[in-house]
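2 protein chains.
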Amino acid sequence: MEVGYGSGEKTGFFTQGRRSLQALAVQFIVKMVDLASSIKKLGQDDPRRVIHSLKVGLAITLVSIICYYQPLYSNFDETAIWAIMTVVVVFEFSVGATLGKGLNRGLATLLAGGLSIGAHHVANLSGNIGEPILLGFFVFLQATISTFLRFFPEIKARYDYGLLIFILTFAMISVSGFRDDEILELAYRRLSTICIGGAACVIISIMIFPVWAGEDLHNLIALNIEKLGNFLEGFGDKYFSTTGDEEGNDGNKFSEGYKSSLNSKTSEGSLANFAAWEPGHGRFPFRHPWKLYLRVGTLARECAYRIEALNGYLNADFQESSDVSTVIQEACTKMSVESGKALKELALAIKTMVQPSSADSHIENAKSAAKNMKSLLKSGIWEDIDLLKVIPGIAVGAILVDVVTCTEKIAESIHELASKGQFKSVEPPVSPENLPSEQNQSATSAQMVNSHHVITVSESTPAAPPGESSSVPKAS
Amino acid sequence: MEVGYGSGEKTGFFTQGRRSLQALAVQFIVKMVDLASSIKKLGQDDPRRVIHSLKVGLAITLVSIICYYQPLYSNFDETAIWAIMTVVVVFEFSVGATLGKGLNRGLATLLAGGLSIGAHHVANLSGNIGEPILLGFFVFLQATISTFLRFFPEIKARYDYGLLIFILTFAMISVSGFRDDEILELAYRRLSTICIGGAACVIISIMIFPVWAGEDLHNLIALNIEKLGNFLEGFGDKYFSTTGDEEGNDGNKFSEGYKSSLNSKTSEGSLANFAAWEPGHGRFPFRHPWKLYLRVGTLARECAYRIEALNGYLNADFQESSDVSTVIQEACTKMSVESGKALKELALAIKTMVQPSSADSHIENAKSAAKNMKSLLKSGIWEDIDLLKVIPGIAVGAILVDVVTCTEKIAESIHELASKGQFKSVEPPVSPENLPSEQNQSATSAQMVNSHHVITVSESTPAAPPGESSSVPKAS
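Protein sequences, first through last, are from chains A and B.
For the first sequence, our numbering begins at 1 and goes up steadily by one.
For the second sequence, our numbering begins at 1 and goes up steadily by one.
So here's chain A without its partners, still in its complex pose:
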């Protein structure tokens, strides 16, 4: 194969090289365009990400410049290291996470500093041979205990970062070969630089387009419930019209939304943790009941599991169109649509932070539809039927009854959230003709706790059936 280094081959080599270079360049450009479009998509999905990136850049640059021009410290790199490091590590996406990390870092440094100075002092007393042994023992002990503490779920949720910094600071200070007065200066310098970095983070995080974890949690829960509602509102018509003909793709598209709430437990939990660090902001006071959102989220997830089962029937290739399903069709569609509407009203109530009064009537409608279906099935007009054909329709009906129960539970938990979170008790967009008096708006929260069921009745929409008022005896 080796023919020698003829000039023809050389040209071939160069042409080949140029071609493969061209191919590489084209590939590179395609990749870059892909990358650019995915970057654009990421930014468009949530423009706050772009803003957050700029904020981090600003904070780091600011702190770097302060350190650069700061005449206070003679030895530059040490101080700059801690200030910049604090910004890089502490600056998180939401205000709550930033505050939590900043406080953890500051307090852990303070605590570990104090303890390690004590440990250093004790070790100093025990002479040249005993000192390293004692110091090693102290470091080992605190590192082991702190690491173990990080396994406790409650501690991990809130103080994980603090424990990390505690281990670090304690080991660093107690092992360092400084004299006591030098250590005090080191500790002072570290604390002051951490304060500079932390303050820069917190101020920029709060002042420039703040991202509140609490608000995110609030919106996430509302959105998840709305998606469940969207599915249910469309499900009845979809199911009873498509069984037989195939519109799978369109059906899939409309139903995908609810799936996000199946796996949102982790993000809800961490958002609630961050929210607990946040001061009052916008519509949310300092001690807003964030834990209650988690309960609403759990109930919504249980409802989503039922909806996942319903979705299975949408895509199933069961034969359908028995007598039974045509009879229960109306009741099923009503259950589905009414609980969907109820969920959407509840989501709207969370979003706008008003008492979710109008949802109750939809729930009553759904419950009466469920009763209706049961009595239809009970009425004994069924003779000589093919049970196999009946199965899917009846199974869907049974799951829908379950969904109605779930919806009721969700409504209850949101009522509790509304009263503890002091949601407003008027709802102008739903019944503007009622024009509730100003007294309602200024009602104390204690009154609101007991009054939302009563308000429900006085603001009932015209569409509500007579069965709706049955919720009043329950409340009293």
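No wet-lab data here; the hints were simulated from the structure.
Derived BS3-like pairs (lysine-lysine); straight-line CA-CA distance at most 30 Å: (1) K156/A - K41/B; (2) K41/B - K351/B; (3) K238/A - K374/B; (4) K31/A - K156/B; (5) K409/A - K259/A; (6) K238/B - K409/A.
Assemble the complex: chain A is given as a structure, and chain B must be docked to it using the hints.
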């Protein structure tokens, strides 16, 4: 109320004080006992946590001592800081997470060091006024871009920590007021200390009772599937015997197990990410198909959603005991028990890493039971029935048919995992009398891909119905 400082009151004050002190002491002791028991529980649940804590303590002490006695560096605190910090931040519970963080830290430091030296050099050329402006611009640019990159899910999963360290190192070095040769020395020192810390972490993590994320993922998936199997095995008897009488508490206890797989998506994902960093260990070679475990996990979760729906019927207060349910009882119980057994066989196959051949016969049994139920319902012996009473039984039957389909999908995905992961093709505990030849064991993986269905048949247990062999035509 102020009567003066009589001695009687003084005694009263002291007695009161002593009493409240005693109360405080009792409270404290009770709290401590509580704490001790919860620490004990945490340690007993997973003793590896205690070992991990001791390992971290050991690593930090070791690195501290090395730094303490290291004559190489004159300025102690700086070097100790980086080595200790590396250990504290990099040492994670599993080997994979530790390796991932260590590599991220090392590579990011190297890359950022190189780039920042370049930036520093360029800025130096632009004179006294231009230098800080250019440096600030560079720092701002890299911090913004790196922070934005951290929002990409794929990048966040594997390189989040590396980007953090990149921002940090770049800002620190480029802003520091050093001359070029000083910077090189700083970069060298930082890298060498990070290497010391990282090496200590990795060596201790791997040498002393290693915790492999891959093995954890493997066991987690097997355990989740086993729990689903446990529920299904018990469900049939439980449901058809308890409808009517109330044994809710016991029922709840037996069914709680499967719930853990409803929310295990996040932990499965992170374990798979960590596992990708790990070298070959024990039964797992270097490029074990960890991604396939995620697919099995997703399918298991879909099955768990169905089981969640089944569980709802266990606790429902529907009336039951219609003619229909007594007729389909046998078929339902068989579906449930057989798919439960299949899942448990599959879980065992994963655990012991053998081809899951014996599960197929159980799946065939479950499928024939499903057919059986359908033909029973079709047979038209149903006249004059109360559909309301029939609903729950039929709904349970329909969900069980769904569960059988899920089980089949899980089995398929595990077959794929078994062939790609080169599981052994013999299964001694199930059919010891068959004694498959050694050739099977030494079969190449390519053969195994195509042969597992055939092996299934040749190893079929005596209990398998004739319908079982129908899986062979499908495979060929």
